[in-house]
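> Turn these sequences into a full structure, and let the hints steer you where they fit.
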Amino acid sequence: MKQLLGTPVSDYIPALGLLVLTILYLATAYNYAPDARAVPAGVAWVMLVLGILDLISRTRTKAGTVLMHWLNPAGDADKMAEHKRYPALKQIGAVLWVAGFAAAMVLVGILYAVPLYVFASLYVRGRRPLLLALGVSAAATAMIWLLFVAVLGLELYPGVLFSEF
Amino acid sequence: MLQMWLGGIEGLLQVRELAFLGLGMFIGLFFGAIPGLGGAAALALLMPLTYGLEPFSALALSGGVMGGVPMGGSITAILLNTPGSAPNAATAIDGYPLAQQGKAGMAIGAAASANAIGGIIGTVSVLAILPIAKDIVLLFGPPEFFLLAMLGLVIVSTTSRGKLLRGLITGAFGLMVAFIGYNDVSGGERFTYGIEYLWDGVHLVPALIGLFAVAEMINLYVKGGSVSNNPASVKITSMTSGLLETFRHWPTVIRGSLIGTVVGAVPGVGGVVASFLSYSMTVQAAKESEKDSFGKGNIKGVIAPEAAINAKDCSALIPTLAFGIPGGVEMAVFMGILIVHGMQPGPLMLVDHQVEIYGLIWALTASCVLASFVGLLLVRPLARVTLLDSQILVPLVLCVAFAGSYAIDMTIENVVITAIFGVIGYLMIRFDYPRLTIVIALVLGASAERNFHQTMLMSDGQWAIYIVRPICLLLLAGIVILLALPIARGVSQQIAGAKPSAQGG
Chain A
1 MKQLLGTPVS DYIPALGLLV LTILYLATAY NYAPDARAVP AGVAWVMLVL
51 GILDLISRTR TKAGTVLMHW LNPAGDADKM AEHKRYPALK QIGAVLWVAG
101 FAAAMVLVGI LYAVPLYVFA SLYVRGRRPL LLALGVSAAA TAMIWLLFVA
151 VLGLELYPGV LFSEF
Chain B
1 MLQMWLGGIE GLLQVRELAF LGLGMFIGLF FGAIPGLGGA AALALLMPLT
51 YGLEPFSALA LSGGVMGGVP MGGSITAILL NTPGSAPNAA TAIDGYPLAQ
101 QGKAGMAIGA AASANAIGGI IGTVSVLAIL PIAKDIVLLF GPPEFFLLAM
151 LGLVIVSTTS RGKLLRGLIT GAFGLMVAFI GYNDVSGGER FTYGIEYLWD
201 GVHLVPALIG LFAVAEMINL YVKGGSVSNN PASVKITSMT SGLLETFRHW
251 PTVIRGSLIG TVVGAVPGVG GVVASFLSYS MTVQAAKESE KDSFGKGNIK
301 GVIAPEAAIN AKDCSALIPT LAFGIPGGVE MAVFMGILIV HGMQPGPLML
351 VDHQVEIYGL IWALTASCVL ASFVGLLLVR PLARVTLLDS QILVPLVLCV
401 AFAGSYAIDM TIENVVITAI FGVIGYLMIR FDYPRLTIVI ALVLGASAER
451 NFHQTMLMSD GQWAIYIVRP ICLLLLAGIV ILLALPIARG VSQQIAGAKP
501 SAQGG
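Heads up: the sequence lines are chains A and B, in that order.
The opening position of the first sequence corresponds to residue 1 in the numbering used here, with each subsequent residue numbered one higher.
The opening position of the second sequence corresponds to residue 1 in the numbering used here, with each subsequent residue numbered one higher.
Keep in mind that the hints were calculated from the coordinates and are not lab data.
Reference excerpt, derived from the structure (chain A facing chain B, CB under 8 Å, subset only):
1) 50
2) 53
3) 71
Positions of the beta carbon are idealized from the N, C-alpha and C atoms, including for glycine.
Shown next, in the form of structure tokens:
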């Protein structure tokens with residue numbers, strides 16, 4: 001893996017991501033009136049400093065080691081080794097399944113998204129038996145309907161595709 | 001005074017009131033256990049149903065709900081790392097690792113007894129404080145509230161042992177998120193990027209469901225297996241061992257209960273701060289050798305927040321009833337029930353409805369104790385959940401979490417927020433950033449900003465106001481010391497480490 005100042009490039013991603021986010025936030029903040037931006041901009045400047053310190057502390061330079069020791073002794077990159085065991089694709093896949101479920105809820109509504117997601121999750125992703133997948137997805141849908149519709153009397157979201165508007 | 005206490009007990013000890021108390025407790029347990037619902041949702045849904053009830057029955061029902069919610073929330077927090085209500089997120093930090101180690105029964109036993117004792121201590125404190133409540137709350141003005149929020153953030157950052165920098169980063173990130181939405185000070189919206197939903201800001205409960213429930217489910221998806229690391233070893237350890245643990249760690253219970261009482265009495269701070277602060281203080285007070293065990297299944301990490309949550313519920317009645325300032329979201333909804341029944345919260349309520357107030361306090365206490373016993377009865381069947389195959393468990397929990405997120409105010413955008421914060425939470429787990437500080441920042445961000453601006457108005461923009469007021473000075477000193485200590489520790493450890501190597505070299 002490519003390294004920069006003794007550290008794998010991928011280890012800089014969170015700190016860099018936060019820095020980019022903070023810069024965008026600051027840029028937006030300066031579009032507002034001084035009163036409205038005072039506190040958010042102040043916090044964002046602090047965040048910028050903290051983000052730079054985080055970035056430096058990730059390097060294997062002398063300054064990085066000192067900073068890591070003073071401010072983040074338990075935050076050593078080696079501590080993340082556990083997650084490094086899992087392939088990146090597997091982690092991205094897990095995130096995408098959750099994001100897909102949320103998207104399905106928005107698109108087709110809760111009562112269709114629940115059985116679809118549970119079935120797909122068990123049968124396609126988990127490779128569980130068809131009958132088990134069907135049974136669990138039916139049970140999950142019944143549970144959601146009983147709890148939110150029958151007991152609480154709520155109207156479950158019908159989905160963008162099935163909405164009147 | 002004693003007459004009023006007895007009047008409250010007498011009013012509650014009627015068959016109908018007791019039945020409503022029991023019903024409320026079961027509803028509270030149920031709502032508390034479902035991520036995203038919690039006490040506020042339960043009370044809001046029950047509000048229309050109390051129209052036809054006598055005021056005392058309505059108070060018994062409400063007290064039952066509020067007493068039952070924390071226990072329900074702690075069960076799912078421990079077993080599934082999915083806090084039923086936001087304050088239980090602190091319980092999950094050590095409760096869930098205990099469940100993974102096959103000690104779910106012990107953790108829930110400890111949570112139940114800490115809950116009950118916390119409730120009782122909270123009640124005793126409220127009975128003592130209520131008469132002098134006004135004087136205490138009036139000591140705090142905007143500068144003190146602002147510094148209190150900052151102190152809360154710093155305390156929690158330093159609790160993330162060895163991760164001060166990352167704790168502060170997530171705290172600052174939480175504050176940045178908390179500033180999204182309508183701005184009370186200038187009257188416009190900020191950082192909404194044209195999204196109407198964000199005018200109300202990022203809703204706390206969907207964000208918390210994402211940060212804790214969804215993030216853990218993504219993590220479980222990645223890891224596979226079941227919630228328990230070793231399914232074969234999961235057994236319900238004697239619940240009495242959990243009960244005894246609470247008594248063995250009595251200073252933790254007392255500390256947690258007192259923190260809960262104090263935090264609950266401060267309007268707008270709420271249960272999340274109480275539970276996390278209690279957890280943080282317990283970590284701070286632990287021996288050096290013990291500190292590393294927090295977050296990995298230390299029973300004190302379960303006891304401390306649970307004691308604080310119930311104690312807070314009792315003392316949150318103080319600002320709600322005495323000043324009409326709700327102690328939190330749940331209390332804000334509860335105020336609606338009081339108003340529906342002709343009881344206007346405020347100083348006059350302490351004069352006109354004393355019997356009802358004490359009846360409510362007893363109802364809340366009885367519900368805390370009762371819910372703990374009932375919760376214990378439910379431990380065995382619920383603990384089996386930890387043995388479930390993650391391929392089955394994850395979709396089921398996600399269904400309830402997302403549907404619960406939607407049900408808060410019937411807004412589908414909540415689901416999107418939950419998903420976004422789920423991913424953020426997973427990234428925080430993945431890249432080793434603590435999630436505690438972001439919660440406190442989300443809760444306190446808006447009020448901290450409001451108090452900051454009020455302070456600046458009060459002082460004509462003079463920052464000196466933060467050092468000329470005695471309470472401010474104390475709070476400021478606390479912040480400086482807490483920030484300096486871990487750095488000083490790091491420096492001294494480095495110097496100590498350098499000396500032997502220099503001698504050796």
